[in-house]
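Each chain, letter by letter, is given below.
There are 2 protein chains.
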Amino acid sequence: METPPRTRGAVRGGLAGFVRRSPARLAVLAFVSVIGVFTALLSLPGATSSGERAPLADALFTAVSAVCVTGLVTVDTATYWSDLGEAIILAGIAVGGFGVLVLASLLGLLVSRRLGLSQRLLAQNETKALRLGEVGLLIRTVILASVAVEVVLALVLLPRFLVAGESLPAAAWHALFYGVSSFNNAGFVSHAGGLPALDGTSPAGDWWLCLPIMVGVVLGSLGFPVLLVLRDRWRHPRRWGLHAQMTVAGTAVLLVVGAVLIGAMEWGNARTLGALPWPDRLLATGFASVMPRSGGFSTLDLTEMSTATWLVQDALMFVGGGSASTAGGIRVTTLLVLVLAVVAEARGDRDAEVFGRRVPQASLRLAVAVGLVGTSTVLVGTVAMLAITGDSLDVVLFEVISAFATVGLSVGGTADLPDAGKYVLSALMVVGRTGTMTLAAALALRESGRLFRLPEERPIVG
Amino acid sequence: METPPRTRGAVRGGLAGFVRRSPARLAVLAFVSVIGVFTALLSLPGATSSGERAPLADALFTAVSAVCVTGLVTVDTATYWSDLGEAIILAGIAVGGFGVLVLASLLGLLVSRRLGLSQRLLAQNETKALRLGEVGLLIRTVILASVAVEVVLALVLLPRFLVAGESLPAAAWHALFYGVSSFNNAGFVSHAGGLPALDGTSPAGDWWLCLPIMVGVVLGSLGFPVLLVLRDRWRHPRRWGLHAQMTVAGTAVLLVVGAVLIGAMEWGNARTLGALPWPDRLLATGFASVMPRSGGFSTLDLTEMSTATWLVQDALMFVGGGSASTAGGIRVTTLLVLVLAVVAEARGDRDAEVFGRRVPQASLRLAVAVGLVGTSTVLVGTVAMLAITGDSLDVVLFEVISAFATVGLSVGGTADLPDAGKYVLSALMVVGRTGTMTLAAALALRESGRLFRLPEERPIVG
Ligand SMILES: [K+]
Ligand SMILES: [K+]
Numbered sequence: 004m005e006t007p008p009r010t011r012g013a014v015r016g017g018l019a020g021f022v023r024r025s026p027a028r029l030a031v032l033a034f035v036s037v038i039g040v041f042t043a044l045l046s047l048p049g050a051t052s053s054g055e056r057a058p059l060a061d062a063l064f065t066a067v068s069a070v071c072v073t074g075l076v077t078v079d080t081a082t083y084w085s086d087l088g089e090a091i092i093l094a095g096i097a098v099g100g101f102g103v104l105v106l107a108s109l110l111g112l113l114v115s116r117r118l119g120l121s122q123r124l125l126a127q128n129e130t131k132a133l134r135l136g137e138v139g140l141l142i143r144t145v146i147l148a149s150v151a152v153e154v155v156l157a158l159v160l161l162p163r164f165l166v167a168g169e170s171l172p173a174a175a176w177h178a179l180f181y182g183v184s185s186f187n188n189a190g191f192v193s194h195a196g197g198l199p200a201l202d203g204t205s206p207a208g209d210w211w212l213c214l215p216i217m218v219g220v221v222l223g224s225l226g227f228p229v230l231l232v233l234r235d236r237w238r239h240p241r242r243w244g245l246h247a248q249m250t251v252a253g254t255a256v257l258l259v260v261g262a263v264l265i266g267a268m269e270w271g272n273a274r275t276l277g278a279l280p281w282p283d284r285l286l287a288t289g290f291a292s293v294m295p296r297s298g299g300f301s302t303l304d305l306t307e308m309s310t311a312t313w314l315v316q317d318a319l320m321f322v323g324g325g326s327a328s329t330a331g332g333i334r335v336t337t338l339l340v341l342v343l344a345v346v347a348e349a350r351g352d353r354d355a356e357v358f359g360r361r362v363p364q365a366s367l368r369l370a371v372a373v374g375l376v377g378t379s380t381v382l383v384g385t386v387a388m389l390a391i392t393g394d395s396l397d398v399v400l401f402e403v404i405s406a407f408a409t410v411g412l413s414v415g416g417t418a419d420l421p422d423a424g425k426y427v428l429s430a431l432m433v434v435g436r437t438g439t440m441t442l443a444a445a446l447a448l449r450e451s452g453r454l455f456r457l458p459e460e461r462p463i464v465g
Numbered sequence: 004m005e006t007p008p009r010t011r012g013a014v015r016g017g018l019a020g021f022v023r024r025s026p027a028r029l030a031v032l033a034f035v036s037v038i039g040v041f042t043a044l045l046s047l048p049g050a051t052s053s054g055e056r057a058p059l060a061d062a063l064f065t066a067v068s069a070v071c072v073t074g075l076v077t078v079d080t081a082t083y084w085s086d087l088g089e090a091i092i093l094a095g096i097a098v099g100g101f102g103v104l105v106l107a108s109l110l111g112l113l114v115s116r117r118l119g120l121s122q123r124l125l126a127q128n129e130t131k132a133l134r135l136g137e138v139g140l141l142i143r144t145v146i147l148a149s150v151a152v153e154v155v156l157a158l159v160l161l162p163r164f165l166v167a168g169e170s171l172p173a174a175a176w177h178a179l180f181y182g183v184s185s186f187n188n189a190g191f192v193s194h195a196g197g198l199p200a201l202d203g204t205s206p207a208g209d210w211w212l213c214l215p216i217m218v219g220v221v222l223g224s225l226g227f228p229v230l231l232v233l234r235d236r237w238r239h240p241r242r243w244g245l246h247a248q249m250t251v252a253g254t255a256v257l258l259v260v261g262a263v264l265i266g267a268m269e270w271g272n273a274r275t276l277g278a279l280p281w282p283d284r285l286l287a288t289g290f291a292s293v294m295p296r297s298g299g300f301s302t303l304d305l306t307e308m309s310t311a312t313w314l315v316q317d318a319l320m321f322v323g324g325g326s327a328s329t330a331g332g333i334r335v336t337t338l339l340v341l342v343l344a345v346v347a348e349a350r351g352d353r354d355a356e357v358f359g360r361r362v363p364q365a366s367l368r369l370a371v372a373v374g375l376v377g378t379s380t381v382l383v384g385t386v387a388m389l390a391i392t393g394d395s396l397d398v399v400l401f402e403v404i405s406a407f408a409t410v411g412l413s414v415g416g417t418a419d420l421p422d423a424g425k426y427v428l429s430a431l432m433v434v435g436r437t438g439t440m441t442l443a444a445a446l447a448l449r450e451s452g453r454l455f456r457l458p459e460e461r462p463i464v465g
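Top to bottom, those sequences are chains Y and Z.
Just so we're aligned: the first sequence equals residues 4 to 465 in the working numbering.
Just so we're aligned: the second sequence equals residues 4 to 465 in the working numbering.
It is worth saying that the hints were derived from the structure and are not from the lab.
This structure is a prediction, so every number in the text was calculated from the model and none was measured.
A virtual CB, placed ideally from N, CA and C, is assigned to each residue, including glycine.
A few of these clues could be false.
Claimed, not checked - According to the in silico footprint, chain Y covers these stretches of chain Z (three or more CB under 8 Å from chain Y): (1) 71-85; (2) 408-422.
What the hints assert, rightly or not - Per label pair, the in silico range of CB-to-CB distance: (3) Z:Val35 with Y:Arg350: 21 to 29 Å; (4) Z:Gly49 with Y:Arg350: 45 to 53 Å; (5) Z:Leu214 with Y:Ala430: 53 to 61 Å; (6) Y:Arg274 with Z:Leu382: 42 to 50 Å.
Working from the sequences, and respecting the hints, build out all of it.
What follows is the structure in structure tokens.
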């Protein structure tokens, strides 16, 4: 029986109304639903290699980790889950990563529509999709570009696994898995125990394996608004628009700073960088600098790094990647807007300026909100996890920020968690994944009804 | 031979010019000079009870800790230093505390003069001294009010020590020491091993000892601009002005939140609160909530508290007390301005508003600067201390924030530091003490020479 046209129209109208009224809430709802579906799938007895139903805490944690493209695991992906289970995880990554990109772009579209003409004209150079303003085309572009990048990465990685003696089906599966996992900044690995030591010693010096994964992670962490600009105007940085310029510059600075700090701190550590010949140390340093933001792969034993290096990684993870990307954190532009405001203040300028543009006050207020809410979330999550686990702050802070920023790196605090800890980290991943994105969009979409302004008074600050 | 009038005039003019041009730099210079003098004094052989010259690292650390009214110690104050040494420390606290108050008030005066008439009229209700605009009166007011409060505190404490069987000179000395130490938020104790267990078990349930110290610390942490307003208009909160209203309200909220969290987390801990009868638990909870911001006294064994409680204290310490007070941290109003901006953003309002007033954008930019610079300082200090000490992050972060915010609480990381660690913590105390205050003033004093504004462009944030 067909639904009568009038009812269908009302349903469609109501849905459209809900989307218009609270797109941020819709985004969260969509994410939670998808997580529910993948939790159910991973609870199938056939999803585990033992054939026993996975405990709810592990099924939920893994589903959240996959859909939120985090990569934290409570069980070893390759040994605990069956082939079916791994396929479900890969599907979760693909759906989650794609969902993030589409939702972020849609929210961006809504925001740019509400900002009025002058703002919209400026937002035009953000993505072609936004300019064309068509949801269908947007989704098609995201899918096509993602698949294209992932297939290229897989094709580059395939011969590496074949050369190492893997069978064609196994090599193809791993190549595809790492292609999807890296471009989506998911951090899941399909080999038992982490990235494979294909030459027998360690993956840390395996240039052929590491470089494609690094490229995939960095590209994925920039975000589609930037990727599309780069594709169209690669040779003309002045025409990239402020957002792409800030994201690329900020990413470059963070990569260099991270590499210098991690390299300096671990260079002589015989259990991490110190064990490698020095060209490989450079590779491993670069890899370790890329992955906190927020690829989540690792070629060195993080538990053997100094706690000072952990804290540097904490900071890199907290900042995360680009806006509207599969990377997490408070985002590169958020930090940059805050830093630019401080620089302007120090120079006595009223406006934060960069690349010949003025950053609006509204962006600063948004950045303060995202930064403060992010800090509070990490603080509350850390206090809760300290109370639950009894682990030291070094470990707990690392795992909490890794979850919040959907990074997936671990220094060992996630493996043997009590169920309460698994649920708290799951909540942090969901909040971290949907939070900053929807918070920023929701705030940007608000409009004040107030017409009068109160008298101004200046408190003493600092 | 007298200096010729002309030279004298030139010198005076040059000095006045320096004060006008860079008052913030002058404040730092004054602090460093005072620290140098007290380091020299504590390096006298007679300053130690053994009669041997104290090592430079300990003399410097103690001088910095006293002048910056921090209270962190590398040696036990009562046993390591002689009577002379303790008197030097008390003098350091008095000079440092007084210096902070005068410098902060002077900087406030300069800022309010530069802000133009409308701003100055609003700033009037901050302190009587600012309104009268006379440096001499300002200094006299600060001295008289400080001495008055400290003497009252000492008079209340004196009989407590007499009742406990101390001789009159000893009791008077301790009463004076705690009066000065508490009102200046210094956190130094003159009894061996910490606050004394006068009834033989623990100071945690000693209401007569704890309450005056708590009152002294809270009053001192509000800052003179607030204290003078309270003295004159105690019964008329609506006429306190925005700064005093924000400081008092923020302090009250932080005290309650701190007490609830610390109380909840330690209530059943048999080594801290759990060891006390329950009325005393309330006192000890209140005491533990007051002291992180930034009195620095302790009646419970902090090393026995859970690491989750440590992290709550870290957050309270980082926020600290009121502006232009002897308390440290980024200051209550700084946090409040940031939170109000987020609340306004969430409600879709353009302006941050509170108590019927609009907080200017300039205050938000200042708060962002103080918050971000403070966070960066703690981060860099923590990485350095992790690398130097090899202690766990729990301990290192606590000691670093305690130093930066001049709190003086310790969970054991300061007692056996290598010299490099002592110097880093000393630097953090100086930066924390002079930094937020002078940073805020320096930034507020800047004026832009730029007349044109660049075109605006909006990056994606979050
Ligand atoms: K990840
Ligand atoms: K103190």
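The hints, checked one at a time:
Chain Y is given as covering the region 71-85 of chain Z, and this is violated because 0 residues of the stretch bring a CB closer than 8 Å to a CB of that chain, at least three being needed. Only residues whose beta carbon comes within less than 8 Å of a beta carbon in chain Y count, and the region 408-422 of chain Z has 0; fewer than three means the coverage is violated. Take Z:Val35 and Y:Arg350: their Cβ atoms lie about 25 Å apart, and the range 21 to 29 Å holds. For the pair Z:Gly49 and Y:Arg350, the beta carbons lie near 50 Å from each other, so the given range of 45 to 53 Å is met.
Remark: the range hint 53 to 61 Å for Z:Leu214 to Y:Ala430 is contradicted by a beta-carbon distance near 41 Å. A C-beta distance of roughly 25 Å is found between Y:Arg274 and Z:Leu382, which places it outside the suggested range of 42 to 50 Å.
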